[in-house]
Each structure stands twice: as structure tokens, then as C-alpha cells.
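S.K.: Okay, here's what each chain looks like letter by letter:
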Amino acid sequence: MNGALLTLDSVNTFYGPVQVHFDLSLGVPAGKIVCLLGGNASGKSTTMKIILGLLKPRSGAILLDGQPITNLPTPAIVRAGVASVPESRRLFPAMTVRENLLMGAFTRRDRAAVQQDLDRILELFPRLGERLAQRAGTLSGGEQQMVAMARALMGRPRLICMDEPTMGLSPLYVDRVLELIQTISRQGVTIFMVEQNANLALQIAHYGYVLQTGRIALQGSAPELLRNPQIRDVYLGGQSVQQK
Amino acid sequence: MTSWLDHTVNGLIIGNIYALIAVGLALIFGVSNLINFAHGSVYMIGAYTGWVCVAAIGTPLPLTLLGVVVGCAALGILIERFGLRPLQGAPRIAPLLATIGIGLVLEQIAQLIFSPDPRALPSQLPAWRLPLGSGSIGALDLFIAAVGVVSTAVLYGFLRFTHLGWAVRATAQDRDAALQMGIDVHRVNQVVFAIASALGGLSGVLVGMYFNNIFPAMGFQATLKGFVAELIGGVGSVPGAVAGSLLLGLIESYGVALLGTSYRNLFAFLILIAVLVWRPNGIFSSTRQVPPEPLTGTFIAPSKPVHVPRWAYAAATAIFLALPLIWRDSYIIQTLTNAWLYGMLALSLTLVAGTTGQMSLGHAGLLAIGGYASALLALDLGVPVPLALLLAGFITAALGTLLIFPAFRLRGHYVAIATLAIGEIVGLVILNWEGLTRGPIGVVGIPPLEFFGLPLYDTSALYWVSFTIMVLLALLQWRLTQYHLGRALRAIREDDVAARAFGISLNRYKGLAFAFSGFVAGLSGAITAHMYSYINHETFNTQISLLALTMIILGGMGNIFGAIVGAVALIGLPEMFRAVAEYRILLYGIVLLLLVRFRPQGLMGTV
Chain L
858 MNGALLTLDS VNTFYGPVQV HFDLSLGVPA GKIVCLLGGN ASGKSTTMKI ILGLLKPRSG
918 AILLDGQPIT NLPTPAIVRA GVASVPESRR LFPAMTVREN LLMGAFTRRD RAAVQQDLDR
978 ILELFPRLGE RLAQRAGTLS GGEQQMVAMA RALMGRPRLI CMDEPTMGLS PLYVDRVLEL
1038 IQTISRQGVT IFMVEQNANL ALQIAHYGYV LQTGRIALQG SAPELLRNPQ IRDVYLGGQS
1098 VQQK
Chain W
3 MTSWLDHTVN GLIIGNIYAL IAVGLALIFG VSNLINFAHG SVYMIGAYTG WVCVAAIGTP
63 LPLTLLGVVV GCAALGILIE RFGLRPLQGA PRIAPLLATI GIGLVLEQIA QLIFSPDPRA
123 LPSQLPAWRL PLGSGSIGAL DLFIAAVGVV STAVLYGFLR FTHLGWAVRA TAQDRDAALQ
183 MGIDVHRVNQ VVFAIASALG GLSGVLVGMY FNNIFPAMGF QATLKGFVAE LIGGVGSVPG
243 AVAGSLLLGL IESYGVALLG TSYRNLFAFL ILIAVLVWRP NGIFSSTRQV PPEPLTGTFI
303 APSKPVHVPR WAYAAATAIF LALPLIWRDS YIIQTLTNAW LYGMLALSLT LVAGTTGQMS
363 LGHAGLLAIG GYASALLALD LGVPVPLALL LAGFITAALG TLLIFPAFRL RGHYVAIATL
423 AIGEIVGLVI LNWEGLTRGP IGVVGIPPLE FFGLPLYDTS ALYWVSFTIM VLLALLQWRL
483 TQYHLGRALR AIREDDVAAR AFGISLNRYK GLAFAFSGFV AGLSGAITAH MYSYINHETF
543 NTQISLLALT MIILGGMGNI FGAIVGAVAL IGLPEMFRAV AEYRILLYGI VLLLLVRFRP
603 QGLMGTV
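Going down the list, the protein sequences come from chains L and W.
The opening residue of the first sequence carries number 858 in our numbering; numbering runs sequentially from there.
The opening residue of the second sequence carries number 3 in our numbering; numbering runs sequentially from there.
Same shape as in the complex, but just chain L (with noise of 0.2 angstroms):
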């Protein structure tokens, strides 16, 4: 995949003896968003980890424009500019709404540009400026993402990861995420994000990846994978055909 931000090459990953990933390749192109859509225990998650480092592959190489990071270890790979949005938000819940967007930008030493940088995501999330200082653990669910968005920003990424950012939100939430991961998009950020829910992650996104037990099943932009009747069938609720 020539001209990718991000390169998955053949990768296999293991949990113990369990296989999770089966010569697992993709590509990411720098600007778009492409999301990793999939099951239950079909590795999306595991995809995740792997390129932020919290899991190493057996075998196979994850390049970041080129570079390879495989063997990195994870605070390298954020400065090489990766950032995640994990699942489940992982905010740090004793810390403020303030400290925890500072944290986002814990690898950068230019105070100044940080600063303005906080000023400028406050725009993007009017929200959040009325909730500085605040508990973070104390933030509605939706409130919760907004806050996990607007600290991957702060480290000024080239590529964010987002795993589920849709999970557990209300439609209204949904819809706003949605927009914003949009947005950033529109500001030249890389986005990859794992999916469950097909429908709304093929309407924002540009291309898409489906991934079954471990290995690319299907792939192709949105509009042909939401045309697609396979994928209908298994994630529009088309009809509910059981899954392997």
C-alpha cells in the first residue's frame, strides 16, 4: 500500500498459544478516516494494541510512513506521533478535565504552543471549556469521549486510534462524536478507528476493513462496502445470519 500513513504487513499476533491475527495486512492513507469493522473476538481490538505497542506481533512489520515501529515501545510510538483513544475512554479519573488534556500532550515540551493548542480543541469542544475543572471521573459518558478526543489532539498526532468511540454513548452523543471525528479529519489528522457498529462508522468513514477471526475478510471505500449485501446481512441488520 504505497503512499499509506500506516502499513499493517502480513501480521500475525498471538495471545499464549491463541492466534488472533492470521497474516493480518492493511494500509491506512494519510488524511482519511478508515475504520476496522468486526465482531466479537475478531481481533479489532487486538489491532489496536498492536500498533500502539501495548502488544507485540510474533511476526510481520507495522510501518508509520514507512518507518517501521513494530519493536518500538509504546511512549516511542506516541512520540512518533500515534495517539489512541482507547477504549472505554481510559480517562484518568482523580485528574481535572484541564490535567487530563494536558496529559495528552505530555510528550511535547513546547509549553507555549501547548497552551494554544488547549485554547484551540476548547473551540472544537465548547463542552469541555465549561468543564476544566472538573473530575474527569465525574463526566457523563458522552462528556467522557469528548475529553478522550480532545487529549489524543493535544499530542498534535499524525494518526489517532479509536477504539469504539460509539460504544455506550446516547444516539444524541453519537452523532456529535461522529461530526467531530469528522472535524479532525478535516484538519489533516489520520484517523483509524475499530468499529462495531458498521452502519455509522461506513457513513463518516472513507474506506473500510472487515475483519473475521483474525484475518481480512472484505475491504473496499464505504459506499461499496455499504452496498455490499454480505455486510448488510451480517452488520446492517439485514437479516441476523449467526456468525463463525
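Everything labelled a hint here was simulated from the structure, so no lab data went into it.
Quick caveat: nothing in here was measured; it's all calculated off a predicted structure.
There's no promise every hint is true.
Unchecked claim - Chain W is faced by these chain L residues, among others (derived, beta-carbon under 10 angstroms):
no., residue
1, T931
2, M952
3, G998
4, G999
Positions of the beta carbon are idealized from the N, C-alpha and C atoms, including for glycine.
Model the placement of chain W on the given structure of chain L, informed by the hints.
M.R.: Only chain W this time, still in chain L's reference frame:
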């Protein structure tokens, strides 16, 4: 009665010392979810480093303190780097056991270098005292208070206002998320161990100067007091640790004023149990919910037990039965008798810690109950010895279960602390209840074991009696854990919530496990008491609990045969090489560390 002001000042001083320990424990628990049992040993090393500076080199006070801080920080970094970091991804129990091993090793090294005897650590502060109310306050008192306040303030500033301090706080709240912010959590761990150890060492040297007395075993009590203080304030909370420490210091000081010095520790441990039961999140928290526990789940290294054919068991039993007839070396026979008694203790512990997953660190308390029960029954009530033994078993089962019962709702780490404290409480009650136990003097002239009126003085006879009883108990335990009961206990170990969802009553089954365990350990303690003919409150100390733990890990947790193998290996082998007797406990510590690192499933495999 001396003035309350005096007791208050005294309580606050002691509280400040506890705070230096408890804050370190809280920091470490925060970032690595680990109760650091080696912390007291670092504190002790701090005291000895201070002694070396003062007595051997003759440094002035500021240099002494600097030496202690730098030395202990370095020690903390070493502990983190070589003791704990290699255990990443190991079962959650592994780092806890490693800190126990590190603690043992440090303590033994200090004993070997400085001898186990106490030595004086003179205060380097002027001896003037400031009259205050009806009492007075000394320069050292003020200095300790100042060190406490300044350290807390510096720590607060560090956590609140520095880049690294933020990283520490973030890591404590969510390690994985911190990693994803680009925080090098290894470095955070290292920094935290350095700070915690420096504070611990500082505390050690100040305590040493305060009492003008240091000794290698001083760390153990300090670790316990630190736990108590930390728990009062809520585990992992730094401000909580400070508040808990001051509170503990005051309560102890007032308690001692009312009841006397020997009650000091009893107070601390009773508070510990009360907090664990009623306020496991600390007294400042409103919930009674047991805190999320890092230790549950895959508790021990899963493995396949080594298969031993039945004829091998039979052959081994026959060989060991015949041994006194063949090998007439009474020293060997005595050593093996000792190993059988420890074997019983290991059987007892492996049922609770291995099969049921309740990490007990106070098992020696059960030996003490059994030993005292049998000795006092025989001496004071004239009960025939065999009957006294049996009764002692039942008394230990009942009393042991009753004592641990309040802690049944706890898990993992908290069980370890609770059992440790209960073990201490047993010893302290024995020490203080002079009317029943003869207090510090101990029980003298315990009648020897007898068999239908025939006293057993003969080494071989004692060997056979202890071996036979151990084998019978092992068979009984094997039979009991083979079927329904064993499955229920293992279910509790693997996931107590799931076990409960399948209708397993936790209280009932934990109760059964502790009762059987108490019976076995009680018998072992009782036989020991009659063999020694003298016991006191220190005969069965925490070192024995830790030794038993090492045995069952060596044998393979939950493995009945393994428990006996572990006992023979750790009691028998060092005795065979008498030259190393001095290094025995050091050896135990090293064995424990190596096992945790390289063979957590033990020799015979876990069951």
C-alpha cells in the same frame, strides 16, 4: 498519669515516622498495584546506613541523612529493576512473593554483616528539651516533625507541579492509559521506588536515633505499621497515608498511656482488622465496597502437576517408615521429624493458599494456638497428651476459623495483610494474656508425647509418630480435595464471583478450608510443643509462616505431595550441610526469589 499533651506530642512524632513509611507504600501501591513487603527492610537498611555514617565514618547530621537518602534510593531502584521488572506479565501473586523474598534476603544480609544483636544509633541532635505544658519536647522530636512535614510538602509539590509528578499520578490512575500518553511507566516505577525507599530509609534512621536502638529485624514491624496506616487512610492514597499515620500514632500513644507499652502493637493490628472489615477503602471513604483487587483471577501459575505413580507413593512411604531402622544417625532422624512437622504446616497452608487461593501469611499463628492449647490442656487440666493433641487440633480449627472469619470477604492482597495481622495478634495476645499463657515467660515443662501412658523420648518413636500422622493427614486432605469439595475450593480460587453465581457459598467453603487447615496446623504445633517441652510467644513467629509459604511454592501450590517435598527440601537439605546453617534463612529468601522468577509452578506443579 502524665499529661495528655505529652502523649499527643509523642503520638504525632511517631505518626510522622509512620507517615514516611506509609507514603512510600502508598506511592508504590499506586503505580504498581503492589504491596511492597520489602519496604520495612529498606527502612532497616536506612537505619544501618545511618549507623555506618555516624559510628563508622563520623559524618555530621546533614551528610548522614544525605547518605541514607541516596543509599536507600539506589536500593529501591535496584529492587525495582532486578526484583520486580522481570516479573512483568507473571501471575499477579509473583511480585508480592518477590518482595517477601527480597525482604528476607536484605534482613539476613544485615544480620550477617552487623550480627542480629541490637546496637545503639546515637542521635546527632543536641540534647536540649523545651518545656511545654507539664512535659517537654526535645530537639529530635522537633526535627522528626520537621522532616515529616517537609517531606510531605516536597512530595506534594513534586506530584502536583512537575512533569514527572504528573506522570506518576497518571500512571497510578491508569497505567495503560498513561502508556498511551507516551509516559515511560518503567521510569515512573523506578522514580517511585527511589522516592519511597528514600523516605523509608529516612524513617529508619530517625527511628533508630529516637530509640537509640537498631536491629536487623526492625523492618518487619515497620512494614506492618506502614500497612495499617496506609489502610486507615485508604490504600494507594498519599494524603490518606499521612492522615492514617498521624491517627495511628495518636491512637497508639493514648492506648499505651491507658494500658501499657506491650499493648502498642496489639492496638495497631486490631485497628487494621477493624478497618479491613468495616472500611476496606479507608476511614475517609464512604463505601464499604471491597476495592477492586489486582490479585484475583489467575492466581497461580497454571501448570500440569507432575505425575507420580501410586506405587511410588507407596514405596516412598515404606522407605521413610523403615528409615530409622536402617540409618541410625539420630541427627538425620531428628531433622526429618522436624521436616514432617513442617510438612503438616505446609499441607495446611497449601490447602488455604494453593487450593483455595487465600494467601495466608499468618499460618504460624495456628501453630501457636495448637501448641499452647495442647500444652496448657496437659499441664493445667491434666488432660492425657494424645487427647490434648486431638483437642488442640479442634480448638485451632475453631479458633483459627473464627479469627479469620471477618476477613472472608476480602481478596488477594488484602487477605495476605489480614492474615499477617491475625498471626501477629495471636502472638501478642499470648504475650499479654499472662493469666492463661504465662506471658513472656512461656510455658515450661510441657509433658512429652506419650502413647497409652508410655512416654516417647526415643528419636525413632517421635519420627514414626509424626510421619504417620502427616501421612494420614495428607491422605485425608487428598481424599477431601479430590471430589466436590476440591472443585468448589478451586472455583473460589479462580473466580469467587463466578463461584458464587454457581451457588457456592463462599463463607461455608472458605470456613471448611480454614477449619481443616487449622486442624492440621494445630496438630503440628501441638506435637512440636510436646517435643520441645518449652514454648513461648516467639516460638512460632512470622518467619515460620514465610518459610511454609516458600515450601508450598517450591512444591507447587495446592499440590499435596509437593507440600511435603517442599518441607523435606527446605528443612532437610540445609540441615545436611551444617556449615551453611548461618545462611539458612538467606537461602530460603533466595530460593523464593528464584522460584518466583524461574519456576512459579514449583517442583511438582500446581494443582
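S.K.: Each hint needs a verdict: does it hold in this structure or not?
M.R.: Verification of the supplied hints:
no.	hint	result
1	T931	holds, 5 angstroms
2	M952	holds, 7 angstroms
3	G998	violated, 16 angstroms
4	G999	violated, 18 angstroms
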